[in-house]
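All chains should be modelled from the sequences, with the hints used to inform the complete structure.
Residue numbers (the numbering used here), protein chains in the order written: chain A, 1 to 208; chain B, 1 to 286.
Hint data in this document are derived by calculation from the structure and do not stem from the laboratory. Don't take every hint at face value.
With a straight-line Cα cutoff of 30 Å, these simulated DSS-like cross-link-like pairs (lysine-lysine) come out [as the list claims (entries may be wrong)]:
1) K154(A) <-> K207(B)
2) K42(B) <-> K116(A)
3) K87(A) <-> K188(A)
4) K157(A) <-> K250(B)
5) K139(A) <-> K207(B)
6) K92(A) <-> K139(A)
7) K177(B) <-> K191(B)
8) K116(A) <-> K188(A)
9) K136(A) <-> K180(A)
10) K139(A) <-> K42(B)
11) K139(A) <-> K250(B)
12) K116(A) <-> K177(B)
13) K177(B) <-> K123(A)
14) K92(A) <-> K154(A)
15) K207(B) <-> K180(A)
Nothing here was measured: the structure is a model prediction, and the numbers come from that model.
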Amino acid sequence: MTFNRTKGILFLSWLAALAFMPAVLAAQEQAPTIGSLTPDFQLNGIGGTLYKLSDYRGKIVVLEWTNPGCPVVQRHYRDGLMPALQKECTDKGVVWLTINSTNPNHQNYQTPEALKSIYADWKAAFTALLMDPDGKAGKALGAKTTPHMFVIDKEGKLAYNGAVDDDTRGANETRTNYVKLAVDSLLKGEPVATTATKPYGCSVKYAE
Amino acid sequence: MVVRNRLLVAMNVGALLASFVLVSAARLGSAVLLLPAQTSEKKPLRRVELLVLEDRSMAITVGLHVELAPGWYLYWVNPGDAGLAPLVRWQLPPGFAAGRLRLPTPQKFVHGAIVTYGFTDETLILCDIRLPSPPSATDKPIITAVLDWMACRESCITGETTVQVNPTGLSAAHIQKSRSVFSRFSSRYPKPISAAELTAGEARLVKSPAGWIVEITLSGRNAARVSDFYPYPLEDFVIDHHRIAMNEGKLIIPVEPSNPSAALSMISGLVIIDGAGFVVSIPVQE
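Put into structure tokens, the structure is as follows:
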């Protein structure tokens, strides 16, 4: 009896090893590359509506990772830069999804109701603000900072990944807005010239 | 028989757990895991001062000494995947000129797949200030440093701090403080790779549909002791810091070009051995 139970435990431990290893390795796989299909996700908006990324196939989509507790995000909104860009893009038929992947145990976490108020004060002009408290969508895209921008073409492929612009401090008189350039290129049916830049800002506050 | 079987079970379960931990830790290198702090202090920079460390006839070495509150960290020249590098704007008397900033070898912080580089507790940012030639008659050659910083703990705060020093007529207390601080830091600055008895033989850019990587071949007595590589910022390329690895004597640095015509001609950074940094700067071949 003891011998059979032992064999069972040995078998289960190796089975568990086979089951675990792919998950561990997969967790360290790359985020989507430029030109590849963007992983789909379903997230609740701050108003309770469920949003699915693949529902927007046929439209250009901008994903913006955000955290109102991050001073870089605050600068972009208080200076009016992000709302102006959101409006410019959504006026052209682009879908703009702002996503908050802050884990609920973090001091920066805000409830959907609080976020609604904060971003209304900032005059945000996104299509929707989505909650990603377990960070699954953020990790699937490889979102690292707030803000971190992704532009997706009408076929659902990743066209741009990185910083919103080249002005990390907000000190430049002129700035290159990579998101605007990518969106405008896609709208014209032209190749996106700059497809990847190093995003800047605070780290996304994922649950560890 | 029962004891032997129980031992076998324990060994197998132990092996399973060990393999899980090893795979998870494979890319940590010399990382430091930061845990959430217990307090909510809002002043991450406890003290910032400008110290005169060395006064030579044609140049002065100053040090921007930053003391951080517990749990807070300041970023390195390459902050990594997140954060902002410290910037210094100098306000100098006529004819004075500031050289480049020199920072100590940083620590590496890992939050999941997000890797950053920076300093906890304190840091000393050095800069050589060249004096005019011939010397100018300046009554009060005030050297002013405006530090633009981002500090993070559980959250991040940005700020700007201005400090000044008059290198003439320094007090005994200042001189003593400067010597004490510099002696604490003097061994922490990166050294040439030759000091580690290492040679960086070749840097090769390997392109594949899966992505681009830079391979740096290292050789020398201490090649096997290299645990990590902290890259300097790379223009027109995005570095995947989390996937930097050592593999059979080669540093593997995944990079992504910003645009189709991006060309990588040089790569620089710190080779890390036991927490110490050694500068490598090497042309890249395709």
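Against the structure shown, which of the earlier numbered hints fail to hold, in ascending order? 4, 8, 12, 13
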